[in-house]
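A.B. asks: On the provided structure of chain A, position chains B, C, D, E and F as indicated by the hints.
Protein chains in written order, with my numbering: chain A, 1 to 133; chain B, 1001 to 1133; chain C, 2001 to 2133; chain D, 3001 to 3133; chain E, 4001 to 4133; chain F, 5001 to 5133.
Errors might be hidden in some of the hints.
Simulated crosslink set (PhoX-like; lysine-lysine; CA at most 25 Å straight-line) [unchecked claim]:
| id | chain 1 | residue 1 | chain 2 | residue 2 |
| --- | --- | --- | --- | --- |
| 1 | B | LYS1127 | B | LYS1025 |
| 2 | D | LYS3027 | C | LYS2091 |
| 3 | E | LYS4027 | F | LYS5127 |
| 4 | D | LYS3021 | D | LYS3002 |
| 5 | D | LYS3127 | A | LYS2 |
| 6 | B | LYS1127 | A | LYS27 |
| 7 | B | LYS1091 | B | LYS1127 |
| 8 | D | LYS3051 | D | LYS3025 |
FRET-style restraints, in silico, Cβ to Cβ [claimed, not checked]:
| id | chain 1 | residue 1 | chain 2 | residue 2 | range |
| --- | --- | --- | --- | --- | --- |
| 9 | C | ASP2124 | E | HIS4058 | 44 to 54 Å |
| 10 | A | GLY10 | E | HIS4058 | 28 to 38 Å |
| 11 | F | ASP5018 | D | LYS3002 | 48 to 58 Å |
| 12 | A | MET90 | B | TYR1006 | 22 to 32 Å |
| 13 | F | ASP5028 | D | GLU3095 | 52 to 62 Å |
| 14 | E | ASP4019 | D | LYS3002 | 46 to 56 Å |
No lab work stands behind these hints: they were computed from the structure. Ideal placement from N, C-alpha and C gives every residue a C-beta, glycine not left out.
Number of protein chains: 6
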Amino acid sequence: MKPISYEQAGPEVRAVFDDIKATRKVKDVNDFWKHLANEPRMLSHVWASVKDIMGPGHLDPLLKELIYIAVSITNNCEYCMASHGYAARMKGASEEQLNELYAVVGLANMTNRLANAYSVPVDDAFKREEAAP
Amino acid sequence: MKPISYEQAGPEVRAVFDDIKATRKVKDVNDFWKHLANEPRMLSHVWASVKDIMGPGHLDPLLKELIYIAVSITNNCEYCMASHGYAARMKGASEEQLNELYAVVGLANMTNRLANAYSVPVDDAFKREEAAP
Amino acid sequence: MKPISYEQAGPEVRAVFDDIKATRKVKDVNDFWKHLANEPRMLSHVWASVKDIMGPGHLDPLLKELIYIAVSITNNCEYCMASHGYAARMKGASEEQLNELYAVVGLANMTNRLANAYSVPVDDAFKREEAAP
Amino acid sequence: MKPISYEQAGPEVRAVFDDIKATRKVKDVNDFWKHLANEPRMLSHVWASVKDIMGPGHLDPLLKELIYIAVSITNNCEYCMASHGYAARMKGASEEQLNELYAVVGLANMTNRLANAYSVPVDDAFKREEAAP
Amino acid sequence: MKPISYEQAGPEVRAVFDDIKATRKVKDVNDFWKHLANEPRMLSHVWASVKDIMGPGHLDPLLKELIYIAVSITNNCEYCMASHGYAARMKGASEEQLNELYAVVGLANMTNRLANAYSVPVDDAFKREEAAP
Amino acid sequence: MKPISYEQAGPEVRAVFDDIKATRKVKDVNDFWKHLANEPRMLSHVWASVKDIMGPGHLDPLLKELIYIAVSITNNCEYCMASHGYAARMKGASEEQLNELYAVVGLANMTNRLANAYSVPVDDAFKREEAAP
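The following block holds chain A by itself, in its conformation from the complex (with noise of 0.2 Å):
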């Protein structure tokens, strides 16, 4: 599948595309919204998702970008590793930073696995009501 460009684009992906650079202040697309203009419809609701929640809310927009390169390396996705490292570079992570999280995403696939391999039950601390605060 191609990417489609802006000129190339009808009005309802042109709509999402101008919203796009209007949030993000930027003056293109990236690839990735292009390649899903392919899909009018996902191209729509991904954006929508995706602008509602990685935007101000409840935890800071560069610990969810964080977030988001944890699971891109979790699941081996090169582009989402470039594209979510270069905006949380952009948002201010130091490169101290982008390690520690490196290092976490390392261990936490590692003592999954132990986790698994020793069928561990759950502590009957963790299912508590009254553990929560």
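C.D. replies: Same frame as chain A, now just chains B, C, D, E and F:
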């Protein structure tokens, strides 16, 4: 494999258990460590790594718990979701923050596959060295 | 490991290659089979299974190609996306259908993780035997 | 996180629940939506996407349920296998079709890894633009 | 789907069950095969492949059980961990060996993600043909 | 992130590099370690774990390389397949053994999903403590 309690443990394992209890200010270690005690070398290495990386550093300890949860959801590790969900709440995560975390993890898993499906090439802008501040 | 061409292959491998070519009405087998020929036993088993299951049966052959693509996107197997994407187009898949497929795969990967994150218990209705017609 | 029933829900969540019930002609929403209601923004986005993509389009609705099951098996999401297995049967899937689906998913997961193991390069034929009708 | 017992099975399934019992010298097949019997073609193919590959060959049968466990831990397949853990013990695996296996699987899952995170390029030495003896 | 050469490295990283070179009897460390050197704490922990677990123990070192490859194929980590494939060959793995390994990994990934698809319950025999010798 059965969990190994403090009473059943040899001196090498007890030393790790003691350090976990002192570091975390808890009366007993959780079930993950008791199972991992079946392999004392790995118990020692995993604890050394986790103690070092998950403690104070370049990223906030709560943030690192959230990253751990993000990976554990992606890998569907029930034990790890429970233990790090508990830890995140102990470190102050609000329900609103956890809900937003789940949303980000859901979106990342979706867009990871959309990027795969369209084989989106990495944008030049993401590769430029000068792009990073 | 290097691919094994028809000329280089022994009689056991040639027999499988001949059957693939006859079944698919193609002049040569694709690179997957030439690599798998390094393990003639597995070449034989995989082809026997694929020939049997992917041919006429209870599901339309095109549909089975789409299912193959869905799994390959989820696992990020570039070769498999390319080969089964090609096969799907050869069997009549339209670009609109492939785009919709990608959307479904994206959504499923998202909701899989949301179901994990909330540890949603299976509804009784889904378990009732009488639920199935 | 606890599920949120219609009675406990605020107007934003109720509006989504009402739309799910009307669209699907069911008396109550299933547990997935009640849990997702803890994050009303995501409830709204996920439902909007699912309603749009899983309904009538370029692929048969039953086929889309089968694709959903294929992804859910690959990711080992028990809830999603149960809910979409139920939906597939409601839309007419026969036991023979589901068994064949499982076979295809098993084969795809095997050949995905064999393609990885041999690092099979993508055949030129799969890349040629003229290959696609 | 319900498991199919020997008594309920047709001749095609019974023939496979008989061969499993004779090959493994067991009185009954385990639940995996009884479920797979819902798709007799796949039962036959999977058994033919497993019998051929998991038996005597270039790798020790115990080693092959350990590899099976490593994959099953990585994919979090509880059934497969249990069945191949049992088989490994029957073939002589010690608890020390299983613990060391779990450690290797944990480490591999960690370093796989660290290699992803840093996008480490493959060293020339690993690619040189003369590198292989 | 850029790799860090011995010349660029600080004393903490150099000490690890020196130990890798002495342990493995190589002139330079491979690219994985040079990248991981961006996070000296993790470099130190990962090397300590790998040195300890992958060396002499309860399982043959070659066998442990094969397990590493099995996990890396399952996760589709190209770097890790290349580096541990090289290490396995250096430790004496034959092409026949590697081909058989790939076959086992393929089968395990297939039967993992078939066990998921049929939600096969764990056989009582696999749970009985007396089952283990």
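A.B. asks: It remains to establish, for every hint, whether it holds in the given structure.
C.D. replies: Each hint, compared with the structure:
1. For the given pair, B/LYS1127 sits about 45 Å from B/LYS1025 by alpha-carbon distance, which is inconsistent with the 25 Å threshold.
2. Taken as a hint, the D/LYS3027 and C/LYS2091 pair is broken in the structure, with Cα atoms around 40 Å apart against an allowance of 25 Å.
3. For the proposed pair E/LYS4027 and F/LYS5127, the alpha carbon gap of about 18 Å is at most 25 Å, so the pair holds.
4. With a CA separation close to 21 Å, the supplied pair D/LYS3021 and D/LYS3002 stays within the 25 Å bound.
5. Restraint check for D/LYS3127 and A/LYS2: satisfied, since their Cα atoms lie roughly 12 Å apart, inside the 25 Å limit.
6. Pair hint B/LYS1127 plus A/LYS27 holds up; C-alpha atoms about 18 Å apart against a cutoff of 25 Å.
7. Annotation: proposed proximity of B/LYS1091 to B/LYS1127 is violated, straight-line Cα distance about 36 Å (limit 25 Å).
8. About 13 Å separates the Cα atoms of D/LYS3051 and D/LYS3025, which keeps this hinted pair within 25 Å; it holds.
9. Against the hinted window of 44 to 54 Å, the Cβ-Cβ separation of C/ASP2124 and E/HIS4058 comes to about 50 Å, which satisfies the hint.
10. Separation of A/GLY10 from E/HIS4058 is about 58 Å and departs from the stated range, judged on CB atoms against 28 to 38 Å.
11. Roughly 55 Å separates the CB atoms of F/ASP5018 and D/LYS3002, a value that falls within the hinted 48 to 58 Å.
12. Roughly 48 Å separates the CB atoms of A/MET90 and B/TYR1006, a value that falls outside the hinted 22 to 32 Å.
13. Checked against the hint of 52 to 62 Å, the pair F/ASP5028 and D/GLU3095 passes, with Cβ atoms roughly 59 Å apart.
14. Range check, E/ASP4019 to D/LYS3002: Cβ separation about 50 Å, and the 46 to 56 Å hint holds.
In this structure, the earlier hints numbered 1, 2, 7, 10 and 12 are contradicted, and the remaining ones agree with it.
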